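Numbers given in our numbering equal positions in the sequence shown, counted from 1, plus 355.
Treat the hints with care, since some could be wrong.
Claimed, not checked - Here are the simulated distance ranges between beta carbons: (1) D416 x G462: 27 to 35 Å; (2) Q483 x K453: 38 to 46 Å; (3) E404 x Q477: 37 to 45 Å; (4) L447 x K427: 18 to 26 Å.
Said to hold, decoys possible - Computed list of lysine-lysine pairs in DSS-like fashion (alpha-carbon distance at most 27 Å, straight line): (5) K427 x K453; (6) K429 x K387; (7) K427 x K387; (8) K387 x K432; (9) K453 x K429.
Everything labelled a hint here was simulated from the structure, so no lab data went into it.
These figures come from a predicted structure and were not determined experimentally.
The beta-carbon is built from N, C-alpha and C at its ideal position, and this holds for glycine as well.
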Amino acid sequence: MKGLFVLLLCLIPLFVYADEAKDLATDPVLEKRMIGLAENLRCLVCQNESLASSHAELAEDLRREVREQMSKGKSDKEIIDYLVARYGDFVLYQPPMKSYTILLWFGPFALLLAGVGLLLFQLRKRRQTLAEVELSAEAQQRAAALLNNEKDNQA
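Using the sequences provided together with the hints, build the complete structure.
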């Protein structure tokens, strides 16, 4: 009895790795096409994963819907247009450049250029305010005496 219990305890890790069966199209060509299309679509829940690699329930539903539309004979463009109409440009990993997304596309570069320009401006301004001062002969003699005094004290 104890041996059976120990055997069952040893088998628990095998059941932990068990997962639900993945939805697959009956046609492997259709499945490959779906995965290729889903790699270019963003998971609406995860946001940093593609639709193909996400394990979210919504992603599974969207993959199932894409499979259904592919089996109905719709082209990839028609499927993408359908998803964009339903969920917006956010569903695309590479959203199109439109008038309201120009800031998103070029904003980081504009901020970088503005920062470099501001840095150069500040450096030039600083250089002009820190003009090199000429020491008079008397000031040079005092500085030399102070330096010689420090050398004598250290020795």
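> So which of those numbered hints doesn't the model satisfy?
Replying inline: As far as the earlier hints go, only 5 is violated by this structure.
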